[in-house]
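2 protein chains.
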Amino acid sequence: MIRIGVDAMGGDYAPKEQVEGAMLAIKMIPDIEINLFGDEIEIRKYLTNEERIHIIQSGYVIPMGEKNPIKTIKEHPESSMAMALSSLRKDENDAVVSSGATQALISGAHILVRRMRGFKRTAIAPVLPSVSGKPTILLDSGANLEIRPEHMLQQAYFACVYAREVLGREKPVVGLINIGTEEGKGRELDKEVFQLFKETPLFDFYGNVEPKMVLNPPCDILISDGFTANIVMKTIEGTAKGMGDILKKELKASFLGKIGAMLAMKNLKNFKKAISAEEIGGALIYGLYRPVIKAQGASKAYGFYNGIRQAATIVRNEVFPKVERYLSENKDESNEE
Amino acid sequence: MIRIGVDAMGGDYAPKEQVEGAMLAIKMIPDIEINLFGDEIEIRKYLTNEERIHIIQSGYVIPMGEKNPIKTIKEHPESSMAMALSSLRKDENDAVVSSGATQALISGAHILVRRMRGFKRTAIAPVLPSVSGKPTILLDSGANLEIRPEHMLQQAYFACVYAREVLGREKPVVGLINIGTEEGKGRELDKEVFQLFKETPLFDFYGNVEPKMVLNPPCDILISDGFTANIVMKTIEGTAKGMGDILKKELKASFLGKIGAMLAMKNLKNFKKAISAEEIGGALIYGLYRPVIKAQGASKAYGFYNGIRQAATIVRNEVFPKVERYLSENKDESNEE
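Protein chains in written order, with our numbering: chain A, 1 to 337; chain B, 1 to 337.
Note that these hints are calculated values from the structure, not bench results.
Quick caveat, the model's predicted, so the values are computed rather than measured.
You may find that some hints are simply not true.
Since the list gives no way to pick out one identical chain from another, each pair is judged satisfied if it fits inside one copy or across any two copies.
Stated by the list, open to error - Cross-link-like lysine-lysine pairs, in silico, DSS-like; alpha carbons within 25 Å at most: (1) K258 to K191; (2) K45 to K322; (3) K191 to K249; (4) K198 to K266; (5) K249 to K134; (6) K269 to K16.
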């Protein structure tokens, strides 16, 4: 049995959507059991079935808009989030899923979950929707604002193992986010990464990819430093939101537009679904001892279920042991702490 | 009369759309005259009216996909682009508009047009569409990959004068593109810029703006280093294109979707227009002695006309002299070449 720890109290609609997502996961995935961390009375309001689900009482909920996440997570080991994270260290769970406050989760993971041996910079890897329907892994979504090429090499390798084992890509290809496609474009960092990736035998390197292709990239993994990749992710979000608003305004502006929108309702909904993070699952933190998945704060049951499914697949297909094995066999390359 | 130099041969659909755009501008804007640089025989094919339009024969066209733009522009002073740019130095025009190869135009502007006295780093400022319909100025779209806070202050001030004089914003507000809204977020550069902008009496500083708000920002001007802003611009482009493709696919996927799309055709077209650069005009190069406008390579007549209109407004409202006056009165602040 794969044991998934769930922070039932984190998220805009917690614990309802988290508990319902967990029950959906139990129904759909036969080889998992779920440990729900949270307030038992609150959780039981939404629990209709206890098969392979256990509740562990917690004493605090980290607020979603927490201004001082590091302090808060340190001061509240009894919070549902801290307890879920600590359960990894105690070998009580194989993975953790939370849609709680992002910074608190990342800080908490650093403090409470030990790092994978030899992995230099933990990273957060969300997945992006794409025109083809095949999601793209984005690295790194904000953990490392200033970073060295060797660290990005480790992260890209991790993403390749993930893409192969979880997304089913046979020969994952890595692309470097840049302002032009030609070799030699970009900042010093980008030029160094280009050289390093070009020479590595670890994975296929496509070269530079401009964000003009961000929803239709010629690769499985898009990588940059944490600042840039976070900017890319938030620009996609902002553009999708803005375009949605403009489209809505336009369709409402005339009678024919309204009729047309009504007829195409189902398609417009599918459109929204295709560009929504809900469908795709959460962001994975790379470089810890065991997987921690950050599901969207606004996750509904289905989105949260997808995060659990993702966690189970990572464990089942041994993504972390495979990366760890590579790191222990290639200690010389990781020459700096 | 405001004299606009037009590179009639640069652009994906040159010279047809450029010449037609120029004629539209002559018709709509009474106080301009236009000097068309290009092949007279080609230009005359599309010229239906010679009122206030003059043709200056050029001997070469810089190709759109030019791989070595700096070399090419240097080697071809007889090209339509180089001749148009040189006309500024010779005081034969008050502004230049071109939809030719971007890098060639920027390099050419640096080589052939002298800089504004005291302006440290030229910048390229495109405008972004927005949900409200009021365009946002984006700085800098790729001229300065690594830059200092003082240079960004000058660029932001320039943008404020532009926003006031050309876009009619009474009290323009500047926002710093960042990965979080709180003070102290981002890289070292971002923290330094935040402090500098917070203390400046030159303009209103909103603070950090996440690109989640990129199409609906709480400010008139969004600024970052050239790498980041270029990534933002291209991510918007990629997301808009990708979302358009997904929407099209979805609407074609069912009979009702197709009917709905047909009925809402006009609205969907307006939607496309709202997010298109055509409507808004070109990118302005900041910090030269006189304005050079880069219209989109794919400009049609209307988009190119908008570029000419923008150039005329900049000259009419004395944007450049106003910035120059500020720079000459504040020489102490510009303490480094």
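Tested hints:
In this homomeric assembly, K258 and K191 never come within 25 Å of each other (Cα to Cα): the closest approach is 50 Å inside a single copy and 46 Å across copies. In this assembly of identical chains, K45 and K322 lie within 25 Å of each other by CA distance neither inside one copy nor across copies; the values are 40 Å within and 66 Å between. Taking the shortest Cα distances, K191 and K249 never come within 25 Å of each other, neither inside one copy (43 Å) nor across copies (37 Å). In this assembly of identical chains, K198 and K266 lie within 25 Å of each other by CA distance neither inside one copy nor across copies; the values are 44 Å within and 48 Å between.
Taking the shortest Cα distances, K249 and K134 sit within 25 Å of each other only across copies (15 Å), while inside one copy they are farther apart (30 Å). Only within a single protomer do K269 and K16 lie at most 25 Å apart by alpha-carbon distance; the minimum there is 23 Å, versus 41 Å between protomers.
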